[in-house]
Each structure stands twice: as C-alpha cells, then as structure tokens.
Amino acid sequence: SLNVSAQNFWEQTSGPYDGTVYTIVKNSNGYLFAGTYRGIYRSTEDGEHWTTANEGLTDLRIESMAVNISGHIFAGTHPGLFRSTDNGQTWNHIDYGTLATSTQALLINPEGDIFAAVTGIVIRSTDDGQTWSGINYGIQGDVLSFAINSQGKIFAGTDYYGLFISTDNGNNWTQIYYSPDYTHFTSLAINSNGYIFASSYFGGGVFRSTDDGNSWVRVINGLSETNVLAVTIDSEENVFAGTYGGGIFC
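Mapping of the sequence shown onto the working numbering: residues -6 to 243, in sequence order.
Among these hints, one or two may not hold up.
Ranges of calculated distance between the beta carbons of each label pair, as one might list FRET restraints [said to hold, decoys possible]: (1) 152 <-> 45: 37 to 43 Å; (2) 44 <-> 133: 36 to 42 Å; (3) 119 <-> 64: 30 to 36 Å; (4) 196 <-> 31: 20 to 26 Å; (5) 143 <-> 63: 15 to 21 Å; (6) 113 <-> 62: 27 to 33 Å; (7) 82 <-> 119: 26 to 32 Å.
What the hints contain is simulated information worked out from the structure, not anything from laboratory work.
Here the structure is a predicted model, which means the values were calculated and not measured.
Quick reminder that beta carbons are idealized off the backbone N, C-alpha and C, glycines included.
My request is simple: use the sequences and hints to build the entire structure.
Here is the structure:
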C-alpha cells in the first residue's frame, strides 16, 4: 500500500473490475465507495471485497462522490445529484433547479456547504442541497475535482487549465499549477500531513504536493496504468488510485 512512509509504490486491489473507476470516497465507518459508469461499488474491508450499492439510482454513470460530517454520501451523475443516509443501501435524488444537471465534481466542507462542479460553472449550497448559487470567479475551464485541507483551503482540478486554490470558501480562485503535458486532474485527496495527491488522466498518473500545492512531483512507480481517474486515502493513510480499465491500485 501507499502510505505516509512509503509513498512511491502501488499494487492492485481485488476489484472492482466491472468498469472504469471515476471516483472513490470513504465514510466515517471506514467503508469505501467506488463510482463507475456501471454504478457504485462498496467495500467494508479496505478494498479486499466489493459489492454493488445502487438501489434508488436512476442513472449508473457516477462521476463524483462526497461524504458530509453526518456520514451522508452524495453521488453526482448525469441526471444530477443523489444522497444516501444509510451507508449506500438506498439513494434519493436532489434537484439543482435550473442551474445544471451533470455533476463532474463534489466537495463538502466541515460546515456542511456543498460544492458541485457542473459543466462550465461551480455552484454551492449552504442548506444541504435545497438551494444553489454560482461561484466561479477566477477558474478557467471545467472543474473535474475538489479537495479541502485542514485550514479550509479548497483545491480544484480542471480539464485543461491545471489546478486552482480558493482561500475564501470558493468565492475566488487562483491557479497554482499548470502544464500542457498533464491535463484532466480528475481527482484530489489530502492526507493527515497535508500532502495533496492529484490524479491526472491521459497518462499523467498521480501527482503529489507536500507544500500546499506550491510544487508537484509525479509518483507512478508500480502504477502500470497511468490513466488515473480517482484517488482517495483511508484511515491508515493508504492512498487508493482508480484507473481507466485497470482497476484500483494502492
């Protein structure tokens, strides 16, 4: 496994193999949830075994997931947003109103504010998804991923414009990394040391920053599939990477 003391090597988990993994999250019970274009898979054993968890979903194309402080799991799909309050056993639809439908990225801060990246705009809800408003000042391109650190700084990965940071709860954004060689930062995760991990599609693999996003290095040793779509970190500081067609590595 990839942990704090050994951050440069990956090995494949025992699934899920049924489809490409686009997003991975962990809830307060330690359950892992992997979002694919064939639905949601859940593991209660640190990735050793996976089962489907799709009851109530009207579309199985899962693009993003997030968990709030109450343990509620949110899943972004092409028809919008779904929420589960029972560890993924069942899902209920949340309406964005007229703002958008497809949900490319999700983030929930410690106060419970929900951030959703939809095509061409970032929107925020401060009332558990009842109402939404646009917050997009300073971001270029489409946002594909979010993460927040212990200081409340929000990081966003985009399609062709690199990585951005907001220090004011999403009201304003500043670019912190850009390279024409590595695009589509599809997922972000931050460990207890504040190290940021970013997955880059189209062969970028996984990037790591140990200084709040000011500098980045690639960590791809043992990663046989470098089209990486999702990263997450479990309670033991293991980093999981979900790949395009190659399963999950840790």
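Tested hints:
The hint said 37 to 43 Å for the Cβ distance between residue 152 and residue 45, and at roughly 29 Å that hint is violated. For residue 44 paired with residue 133, a C-beta distance near 39 Å keeps the hint of 36 to 42 Å intact. In this structure the supplied range 30 to 36 Å is violated for residue 119 paired with residue 64, their Cβ-Cβ distance being about 19 Å. A hinted range of 20 to 26 Å holds for the C-beta pair residue 196 and residue 31, which are about 24 Å apart.
Checking the proposed 15 to 21 Å range against residue 143 and residue 63 shows it holds: the Cβ atoms sit about 19 Å from each other. Between residue 113 and residue 62 the Cβ separation comes to about 29 Å, which falls inside the hinted range of 27 to 33 Å. As the Cβ distance of residue 82 to residue 119 is approximately 27 Å, the hint placing it in 26 to 32 Å holds.
Of the numbered hints stated above, those contradicted by the structure are hints 1 and 3, listed in ascending order.
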